[in-house]
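Engineer: Given the coordinates of chain A, assemble chain B onto it according to the supplied hints.
From first to last, the protein sequence lines stand for chains A and B. Count along the first sequence starting at 1, add 1106, and that's the number in the numbering used here. Count along the second sequence starting at 1, add 1106, and that's the number in the numbering used here.
Any given hint could turn out to be false.
Copies of the same chain look alike in the list, so a pair counts if it works inside one copy or between any two.
What the hints assert, rightly or not - Straight-line C-alpha distance at most 27 Å; calculated BS3-like pairs for lysine-lysine:
1) Lys1240 / Lys1284
2) Lys1300 / Lys1187
3) Lys1315 / Lys1300
4) Lys1329 / Lys1346
5) Lys1187 / Lys1302
6) Lys1176 / Lys1187
7) Lys1329 / Lys1267
8) Lys1243 / Lys1267
9) Lys1322 / Lys1302
10) Lys1315 / Lys1139
11) Lys1189 / Lys1139
12) Lys1302 / Lys1278
13) Lys1267 / Lys1355
14) Lys1187 / Lys1329
15) Lys1285 / Lys1346
16) Lys1108 / Lys1139
17) Lys1189 / Lys1329
18) Lys1204 / Lys1136
19) Lys1199 / Lys1128
20) Lys1278 / Lys1300
21) Lys1278 / Lys1329
22) Lys1315 / Lys1302
23) Lys1199 / Lys1284
24) Lys1322 / Lys1300
Just so you know, the hints here were simulated from the structure itself, not pulled from any lab data.
2 protein chains.
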Amino acid sequence: MKLGFLGPKGTFSYEAACEYAKDQDLIEYKTIKDIIFAIEKNEIDEGIVPIENSLQGGVTETIDSLIESKEIFIKRSMILKIKQNLIANSNYKFDEIKEIYSHPQALAQCRNYIEENLHHVTINQVSSTALAAKEIKTKNYCACIANEKCVEEYGLCMLEKDIQDNDFNQTKFWILTKKENQQGSKISIIFSTKNKSGALYNVLGEFYKNDINLTKIESRPAKTVLGEYIFLVDLEVNDKIDKAIENLKNECNYIKVLGRY
Amino acid sequence: MKLGFLGPKGTFSYEAACEYAKDQDLIEYKTIKDIIFAIEKNEIDEGIVPIENSLQGGVTETIDSLIESKEIFIKRSMILKIKQNLIANSNYKFDEIKEIYSHPQALAQCRNYIEENLHHVTINQVSSTALAAKEIKTKNYCACIANEKCVEEYGLCMLEKDIQDNDFNQTKFWILTKKENQQGSKISIIFSTKNKSGALYNVLGEFYKNDINLTKIESRPAKTVLGEYIFLVDLEVNDKIDKAIENLKNECNYIKVLGRY
Chain A
1107 MKLGFLGPKG
1117 TFSYEAACEY
1127 AKDQDLIEYK
1137 TIKDIIFAIE
1147 KNEIDEGIVP
1157 IENSLQGGVT
1167 ETIDSLIESK
1177 EIFIKRSMIL
1187 KIKQNLIANS
1197 NYKFDEIKEI
1207 YSHPQALAQC
1217 RNYIEENLHH
1227 VTINQVSSTA
1237 LAAKEIKTKN
1247 YCACIANEKC
1257 VEEYGLCMLE
1267 KDIQDNDFNQ
1277 TKFWILTKKE
1287 NQQGSKISII
1297 FSTKNKSGAL
1307 YNVLGEFYKN
1317 DINLTKIESR
1327 PAKTVLGEYI
1337 FLVDLEVNDK
1347 IDKAIENLKN
1357 ECNYIKVLGR
1367 Y
Chain B
1107 MKLGFLGPKG
1117 TFSYEAACEY
1127 AKDQDLIEYK
1137 TIKDIIFAIE
1147 KNEIDEGIVP
1157 IENSLQGGVT
1167 ETIDSLIESK
1177 EIFIKRSMIL
1187 KIKQNLIANS
1197 NYKFDEIKEI
1207 YSHPQALAQC
1217 RNYIEENLHH
1227 VTINQVSSTA
1237 LAAKEIKTKN
1247 YCACIANEKC
1257 VEEYGLCMLE
1267 KDIQDNDFNQ
1277 TKFWILTKKE
1287 NQQGSKISII
1297 FSTKNKSGAL
1307 YNVLGEFYKN
1317 DINLTKIESR
1327 PAKTVLGEYI
1337 FLVDLEVNDK
1347 IDKAIENLKN
1357 ECNYIKVLGR
1367 Y
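Looking at chain A on its own, in the form it has when it is part of the complex:
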């Protein structure tokens, strides 16, 4: 079995892939779109992609790739707590560290920690936490803020674990496959409404009348003109779900069911 993930090794997607995959080969991809395309072409059996972060919101690249994809379904959903760590190529004390490297979001997530402990350092922004780890491997008296997987992956030292300022930072991942899953308490669907007043209200009404709980709604541009949207909703499955989805066809231009999980 082959599982695709968003590389390079040492990203949070890699950590999620390691946690999920027990005996699968991990295959690295450069973009989320490439992962979904690789599933479609049978290059890999499954792909793991980030779908939502508790601070940054929906991952638009994943949602847009799912809108464009043909036969891709959700097999499972998993949540990863985002933990940041201070890592270097040797066991430095705080006052020995001259520079820090990390992704802007990771730096923002540790702002208080840096101010309290490392206010004297020069801060360098790079495009991923894994790249920051690669960067400091050969740089003395420098540290990075990154995933703990980077310690093992790049042969580095953990200076301090869990340095993020708040603990509400979680990312939800979806494991995607080509085969529709028929079992599970959740279901996600993508739809676009007809261009008439109250169309979205009527769609939500279909769920409400059938006691189906809507746990999330995300809107994305239809990529035609401003003002036309495609929606992604997460629903809790009950025995009326198939009927409700069938009824939606009257209110929607198109519906894509991403399966149960």
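Structural biologist: For chain B alone, kept in the frame of chain A given last:
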């Protein structure tokens, strides 16, 4: 009068600011959050911010800054057509150009054009189209893909106008101020629903029952735990709008009215 915009000069925000501001001083800011903060502190009278793009969707930094802001209102909305251009420091022919610099999104928007006319060049990604223009000012046989304002701003030559692959690329901007606007056919509000089944459906029902057309809904994470959201909606104003918003207070934890425009 002072108008804040997202710099540097030569960005699409700058183009929108020039189009809007007839006799205002343009003040450059580094982030959208800084613009909104500057309005709150009376450093500037108005600020112009991107709120939505027809291909990329809602501008999350703007929405999140408005959620966190205290007394900021919309004065006007305007739409800018996003046009990309091939620009260099001299009037080169296609086969003389060795390298191209631009932002990844602008490069993606001109992919077909590059393949047809410039398939031999090396492509360099930089963090903004305005930066790309700065970069090629001193580089011979290099071109950038950028806003036409860069020609004047950095003393460059226009090689070809309107090179984007499709014409559906538009960005909507909002002009923000500290004073609530009481006039206008549109209104935008931010709210979070109570954590009960059907809460969002009931909110939309309040609009539907009062013949108020909802033209856009955007969800953002509440930044607490996964699964709690804040919504931004655009509505068409009618004579029942004030009553409808008053009724919402029963369904919502909090409501912020961004004013009419």
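Engineer: Now look at each hint and say whether the structure bears it out.
Structural biologist: Evaluation of the provided hints:
| no. | hint | result |
| --- | --- | --- |
| 1 | Lys1240 / Lys1284 | neither (34 Å within a copy, 46 Å between copies) |
| 2 | Lys1300 / Lys1187 | between (38 Å within a copy, 25 Å between copies) |
| 3 | Lys1315 / Lys1300 | both (20 Å within a copy, 19 Å between copies) |
| 4 | Lys1329 / Lys1346 | neither (33 Å within a copy, 32 Å between copies) |
| 5 | Lys1187 / Lys1302 | between (41 Å within a copy, 26 Å between copies) |
| 6 | Lys1176 / Lys1187 | neither (31 Å within a copy, 31 Å between copies) |
| 7 | Lys1329 / Lys1267 | between (42 Å within a copy, 22 Å between copies) |
| 8 | Lys1243 / Lys1267 | within (18 Å within a copy, 45 Å between copies) |
| 9 | Lys1322 / Lys1302 | both (22 Å within a copy, 13 Å between copies) |
| 10 | Lys1315 / Lys1139 | neither (36 Å within a copy, 41 Å between copies) |
| 11 | Lys1189 / Lys1139 | both (26 Å within a copy, 26 Å between copies) |
| 12 | Lys1302 / Lys1278 | between (33 Å within a copy, 22 Å between copies) |
| 13 | Lys1267 / Lys1355 | neither (50 Å within a copy, 43 Å between copies) |
| 14 | Lys1187 / Lys1329 | between (33 Å within a copy, 14 Å between copies) |
| 15 | Lys1285 / Lys1346 | within (23 Å within a copy, 49 Å between copies) |
| 16 | Lys1108 / Lys1139 | within (17 Å within a copy, 43 Å between copies) |
| 17 | Lys1189 / Lys1329 | between (35 Å within a copy, 16 Å between copies) |
| 18 | Lys1204 / Lys1136 | between (31 Å within a copy, 26 Å between copies) |
| 19 | Lys1199 / Lys1128 | neither (37 Å within a copy, 56 Å between copies) |
| 20 | Lys1278 / Lys1300 | between (30 Å within a copy, 23 Å between copies) |
| 21 | Lys1278 / Lys1329 | both (25 Å within a copy, 14 Å between copies) |
| 22 | Lys1315 / Lys1302 | both (21 Å within a copy, 15 Å between copies) |
| 23 | Lys1199 / Lys1284 | neither (50 Å within a copy, 47 Å between copies) |
| 24 | Lys1322 / Lys1300 | both (20 Å within a copy, 14 Å between copies) |
Checked against the numbered hints given earlier, the structure breaks hints 1, 4, 6, 10, 13, 19, 23 and satisfies all the rest.
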